[in-house]
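Protein sequences, first through last, are from chains A and B.
The first sequence begins at 0 in numbering that gives the first Met the number 0 and counts up by one.
The second sequence begins at 0 in numbering that gives the first Met the number 0 and counts up by one.
Please keep in mind that the hints were generated in silico from the structure rather than gathered at the bench.
Where is the CB? At the ideal position from N, CA and C, for every residue including glycine.
Please note: incorrect hints may appear among the correct ones.
Among chain A residues calculated to face chain B with C-beta under 8 Å, some are [said to hold, decoys possible]:
#1 Asn-158
#2 Tyr-162
#3 His-163
#4 Asp-181
#5 Val-212
#6 Phe-327
#7 Asp-328
#8 Val-381
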Amino acid sequence: MVKGAVDDDVAEADIISTVEFNHSGELLATGDKGGRVVIFQQEQENKTQSHSRGEYNVYSTFQSHEPEFDYLKSLEIEEKINKIRWLPQKNAAQFLLSTNDKTIKLWKISERDKRPEGYNLKEEDGRYRDPTTVTTLRVPVFRPMDLMVEASPRRIFANAHTYHINSISINSDYETYLSADDLRINLWHLEITDRSFNIVDIKPANMEELTEVITAAEFHPNSCNTFVYSSSKGTIRLCDMRASALCDRHSKLFEEPEDPSNRSFFSEIISSISDVKFSHSGRYMMTRDYLSVKIWDLNMENRPVETYQVHEYLRSKLCSLYENDCIFDKFECCWNGSDSIVMTGSYNNFFRMFDRNTKRDITLEASRENNKPRTVLKPRKVCASGKRKKDEISVDSLDFNKKILHTAWHPKENIIAVATTNNLYIFQDKMN
Amino acid sequence: MFMRGLKRKCFDGEEDIEETLAGIKAIPSYNLQRQSLLDMSLVKLQLCHMLVEPNLCRSVLIANTVRQIQEEMTQDGTWQMINMQNTGQASVDRLVSTDILCRSSREQAEGKHVPGYSTFSKDFEGDQAQDSSETMSTASSVQALRNLQSNVWEMENSQENKGNFQKSLDQIFETLENKSPNSVEDLFSEVDNSYYDLDTMLTGMMSNTKMGHCDGLEPFPSPTTTTSSSNCKSDLNELDHIVEILVES
């Protein structure tokens, strides 16, 4: 399934900036550069069509953030949605957190499929009746109506970040969450909007000494006192909130020693971690840097347990990628539900999956050509140098404007959502 | 189109002499590549200031790269070699302060707003008095390299292109702040752009970046017409005017 504009013109505001399944996988939320959130819902499984799972259709669309202007600094605050995180469902309504560079909002998405009819003092269209015309009394009753999905902002968490928010993560206690910007991480309570606690601060006293920023942060899925944050120097710090109020001293520092044979002026830039994700089990975490995906065992700090090369053929092109700024692209990564496969995006609308057990990997392309429903995607291959085989694509013909930065995997089934610039592709595995 | 990725050379102490001799022939291309990378990084940092709000992570990474190049150039002796050849330039120390990139963020943090370029220029002139032992002079280094290897280099871009680039930058600097543009002009007048196509690079960068206040910068890489440059000037003048009001109040 492909969702999004059919034409090739990319409207700036439609660029997808985040993708996230909810905890059951029934809902899929996307945020875009224009500040909108679009939620897709999976159709209930059709018993007769047992060979395919339900399709995802638009469930709700709302404007989450508006562009703002910071008058003090004379700067625009972009409305682009940087991250969406779902809360686990507690009642009939769904809740999600969405954030732009500066403000986090808690949205309630609720359904309305009944409405009261038969008021005594109001007509059906809402006009008030003249009380003198009322001769009998009746009790209003609920009657079914067309499903209406409403989104309303329940909390607005603002004015806590000087720098741009890059991550939000909900704690396993389901009461608190963290928000991270380039230099600080704050802890919030979902009910309290006028106060947050600063738990990490790496801003140097003299900004001239700034050499490292925070790039991503996440709470541990099971331990409500543990979180990690990654940096632009390729390190990950695990912090325990029980140790102190300000977690500037890490409990663990994960860093792989540099490979001297690969050293170049770009070493630091490509080691910058763009995303960090805990496995569902909580035993491992995955980091994405420019060229690779690394899996770390939380018990071993000195090196990752697994490393997967995403697009090693780009290593010799780093200078041009620095020139055109592609080297600063922030790719995300994700686990499948059973933590056996990891997935991340690349250029030319390619995305890659790595099976941790079989050690096999595959490159697939999200494009309109193979869009027909139920066509099986053909594996793609990039030829780094030398003779190009048939069906291979050479590095120089890769389109670096077509990048897949955001991907998501259904928490229970083998359904994936892949975002190209302004289209959302939803793929599922072939069922026999 | 693609440049080779740069590999860092490891100068082993024992094989110093041999390697240096052999290396001298290889040094020019490595040094020139390194220099062009440095120039590219500096331009990127400068353009950062034109954005609505620079991406701090990107700025920090570019600044670290610049610092790394500077350190290497100071360490591996090419800097001394350049200094010896440098007759009239010794006293002219153009200091590249990496707090350039931090300025806008810091000013944000402190709640002040200062236009990126005037701040840069202030640092620039203020730093001139600082001890230059750890910093390097970009302009003079480029000048020196040119002296060393003028017969090797091929000037692919015509003087006209270079002049246009310089002229556009100068216009921007002049309109953004009232200080004498000489010092800033000098910094960029020495930038040699024969090793990469600046036009393509800048066009690429410009189209990717969000132009906040000044749309007149869009035609920047190509030879500027009077209308576009005057648009640019008027937009920037307005900005300057607004900033003056804000700062004074």
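Hints and how they fare:
no. : hint    : result
1   : Asn-158 : violated (13 Å)
2   : Tyr-162 : holds (6 Å)
3   : His-163 : holds (7 Å)
4   : Asp-181 : holds (4 Å)
5   : Val-212 : holds (5 Å)
6   : Phe-327 : holds (5 Å)
7   : Asp-328 : violated (10 Å)
8   : Val-381 : violated (15 Å)
Hint compliance for this structure: hints 1, 7, 8 are broken, all remaining hints hold.
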